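S.K.: Residue numbers (UniProt numbering), protein chains in the order written: chain E, 1 to 263; chain G, 1 to 292.
Calculated from the structure, these hints are not laboratory results. Be careful, since some hints might not be right.
Pairwise CB distance ranges, derived in the manner of DEER restraints [stated by the list, open to error]: (1) E81/G to S104/E: 48 to 58 Å; (2) R191/E to F144/G: 24 to 34 Å; (3) G114/G to D176/E: 23 to 33 Å; (4) R199/E to F144/G: 31 to 41 Å.
Because the structure is a prediction, the values reported are computed rather than measured. Backbone N, C-alpha and C fix where the C-beta goes; we use that ideal spot for every residue, glycine too.
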Amino acid sequence: MAGASFLLYQKRDSLLERWDPRMKIVAVLLFGAALLLTHSLGLKTVQLLLLIVLWGMAKLSWRVLVFTLLSLSLFFASTMIYQSVLTAVPGESMITWGWLSFSSQGVIRGIMMCEQIAGIVLLLALLVRTTSPIILAEGLEMLLKPLKKWRLPVHEAVMMFSIALRFLPILIEEFDKIRKAQLARGGGFHRKGVSTRFRGVLPMLMPLFVMSIIRAKDLAVAMESRCYQGDEGRTPIRVYRLRVSDYAVFSFSIVNLAAIFVW
Amino acid sequence: MQIKLDRVSFTYSKRKRNTPSGPDVLKQLDLTVESGEMLAIAGKSGSGKSTFLQLLKGFLAPSDGAVLLDDVNPRGVRRPELFDKVGFIFQYPEHQLFSTTVFDDIAFGLQSAGLSDEEKEARVRQAMAAVQLDYEAFKDCSPFELSGGEKRRVAIAGVVVLEPEVLILDEPTAGLDLQSRRALFDLLHTMNQERGITVMWVSHQLEEILEHATRLIALKEGAFLADGHPHILLSDRGLLNTFGWEEPPALVVSRLLGELGAVDEGRYTAALTPHGASEAIIKLLGKPRVTV
Chain E
1 MAGASFLLYQ KRDSLLERWD PRMKIVAVLL FGAALLLTHS LGLKTVQLLL
51 LIVLWGMAKL SWRVLVFTLL SLSLFFASTM IYQSVLTAVP GESMITWGWL
101 SFSSQGVIRG IMMCEQIAGI VLLLALLVRT TSPIILAEGL EMLLKPLKKW
151 RLPVHEAVMM FSIALRFLPI LIEEFDKIRK AQLARGGGFH RKGVSTRFRG
201 VLPMLMPLFV MSIIRAKDLA VAMESRCYQG DEGRTPIRVY RLRVSDYAVF
251 SFSIVNLAAI FVW
Chain G
1 MQIKLDRVSF TYSKRKRNTP SGPDVLKQLD LTVESGEMLA IAGKSGSGKS
51 TFLQLLKGFL APSDGAVLLD DVNPRGVRRP ELFDKVGFIF QYPEHQLFST
101 TVFDDIAFGL QSAGLSDEEK EARVRQAMAA VQLDYEAFKD CSPFELSGGE
151 KRRVAIAGVV VLEPEVLILD EPTAGLDLQS RRALFDLLHT MNQERGITVM
201 WVSHQLEEIL EHATRLIALK EGAFLADGHP HILLSDRGLL NTFGWEEPPA
251 LVVSRLLGEL GAVDEGRYTA ALTPHGASEA IIKLLGKPRV TV
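The task is simple: from the sequences and hints, build the whole structure.
M.R.: Below, the structure is given as structure tokens:
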């Protein structure tokens, strides 16, 4: 369940929650682009530190931040090994440590790559943890509005995304319950060998799958019974207006992106 | 099997602390459940009932104190398999069915037991008989094609096949019609009387508790507020008010009959059953005794 909390929005009344969802999505895209495009270790480090500051401003749990970063440790380790040991280019200065020899440039590349992975994950975590799924979907729909001209079902796609996001915690709770129920009637299979444990996966996934379909069917009936007909004739319940702080966020994101060409 | 709770407390992690009972879901619980009891657990939502049951099954570890099975603390001696003697049936157990046939679903728990095919078949046959499902008629059926009551029986058979000594059920009659509810309790009584299985279940139905339980535990904000015979506890106005419960109609009738002198003083529980109440009414009317 700890992993689930990484994706859940909880109202904390922070500054980031008050930012316009459209601007937050644009800022995330711009910040992400800056993180991916910059080749400077210093700038990537500054960007990562900035995200950590934003995490604090969002009043999010430091424990979750540590957990999030620790859960990526396997990625970090494999990236470091790949970059520093396996991709050494002839002519690069090598560091020898015992029988190990790795490229100093590769180590820097590895650190940059790790910072990039951590940055992208924190960026997305900040977005989903400081924006309620409904507001996030509304923001996304407004941003994608121009695509409706080409008859793309933007509203429906965003609605599906928002429902999926909202159902995640329910599915996780459901999975936990099914897991315990199957353990209760499994005769201790979870304490046996790998093959026995592997056979126990289907009994957990199958009911979850069936329940998801039943839940989706019920939801569709409930939506239809409330006269939901897709995008046709829908009016927004919330009207968003950009404020000074939103323009400031946008300007900062542009400056951050521009910085990669200067630094 | 005797289950003993020795000053058991349970606290959820910080993240899940917004429960009605506060951070301490269960507080310093002491309890002994003897073999063969029919024990009902009642309490408002969020009082800690489900947490309490999950501690007994070993799904959760107490923050403080110990759960002892026959005076052994399975966690203390690092023998979690002792909890396998406790069968646990969640609410809506039919949602956990997954196999293509009833036989495979019930036999799921036997896969890791190292039994021969004949032994497996015998155990499944026995479990299906225990839940009153005809082996030949149902074994090859898809569990998804059965009625709600039948599905629940299959799910219960999936636990009974492991031959537990204690059976814990979380709101077993939720979503069942009257006939299926009666059939389920007949089944639980049979298992309790013929096999000596201890049955513990969570219920919000006071009539059901009055009819089937030999002991009632009332939980409030993580603590046992009352523990005793359901007839006595459910006659306690103070307790009923505390939980916002209404006195079960059968108790009201028997109490009124007692007040009218139709039943002997102190024996008003004799009028709790339809048979006992009718005898008392006949006595009150002064008519000769008839067989009901």
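S.K.: Output the numbers, in ascending order, of every earlier hint that fails for this structure.
M.R.: 4
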